[in-house]
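Asker: Residues per chain, in single letters:
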Amino acid sequence: MSDEVTQALPAPIIRITRDPLDGEAIRALERAVTTDGAGGVVTFTGVVRDNARGKRVRALEYDAYPEMAESELARIADEVRSRWPESGVALVHRIGRLEIGECSVAVVVACPHRAEAFEACRYAIDTLKATVPIWKKELYEDGEEWVEG
Amino acid sequence: MQVRIRYFASLREAVGVSEETLDLPDGATVAQARALLAERRPALAALLPACAAAVDRAYAQVETPLREGAELAFIPPLGGG
Chain A
126 MSDEVTQALP APIIRITRDP LDGEAIRALE RAVTTDGAGG VVTFTGVVRD
176 NARGKRVRAL EYDAYPEMAE SELARIADEV RSRWPESGVA LVHRIGRLEI
226 GECSVAVVVA CPHRAEAFEA CRYAIDTLKA TVPIWKKELY EDGEEWVEG
Chain G
7 MQVRIRYFAS LREAVGVSEE TLDLPDGATV AQARALLAER RPALAALLPA
57 CAAAVDRAYA QVETPLREGA ELAFIPPLGG G
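Those protein sequences? They're chains A and G, same order as listed. Counting in the numbering used here, the first sequence runs from 126 upward without gaps. Counting in the numbering used here, the second sequence runs from 7 upward without gaps.
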């Protein structure tokens with residue numbers, strides 16, 4: 126072993142959870158995937174908005190196919206690791222009922238440099254939205270509706 | 007042969023259960039299972055055409071043959087993020 130060997134990359138964090146993704150939980154993810162070799166850490170958080178397509182939204186209800194969602198998240202993490210080899214990755218999605226302002230998804234990518242961290246984080250959230258079996262229902266004052274795409 | 011069907015989101019609400027077992031002829035494909043379900047459960051007929059399919063927790067083409075004990079799910083348009 127030479128002196129130049131840096132800290133081993135931590136395994137990706139993949140999780141479908143009912144627990145709140147609050148500031149403390151997100152900070153813990155950032156710490157867990159950031160090694161001494163990381164110079165840029167990009168975190169994307171998706172939060173529940175109070176409106177959609179002109180309608181006032183009261184809350185969201187997320188559902189998932191949990192086993193498949195976790196395997197699709199793991200596939201995205203593997204792709205990120207193969208395209209940006211020295212990256213630490215956390216992909217966590219919350220399910221259940223979420224109120225306005227709560228965080229539904231957190232994507233953290235830690236890389237040696239910021240450009241690749243931004244790029245990898247963008248790739249991960251875009252791919253997550255397109256491939257991971259998770260659904261949301263918008264709850265309005267006067268009804269509810271599953272969002273189709 | 008028997009196949010386990012799992013329902014999520016709009017499909018689960020339409021059928022009122024989260025899973026069921028479906029009897030199919032040996033070697034039946036995803037498309038055949040989908041046609042049978044649409045016939046048995048009219049509430050699904052309008053929803054299934056917009057759905058992708060997953061066999062054993064991975065996306066699958068409709069021509070995919072099913073095996074005894076397989077897990078089949080139809081995946082409505084996604085809403086994660």
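Since the hints were derived computationally from the structure, they do not count as laboratory data. In this text the structure is predicted, and so the values were computed from the model without any measurement. Don't be surprised by glycine CBs; every beta carbon is placed ideally from N, CA and C. One or more of the hints may lead you astray.
To be verified - Computed footprint of chain G on chain A; a stretch qualifies when at least three of its residues, placed anywhere within it, have a C-beta under 8 Å from a C-beta of chain G:
hint: 1; stretch: 135 to 146
hint: 2; stretch: 217 to 231
hint: 3; stretch: 245 to 254
Asker: Under the constraints set out in the numbered hints, which ones does this structure not fulfil?
Answerer: 1
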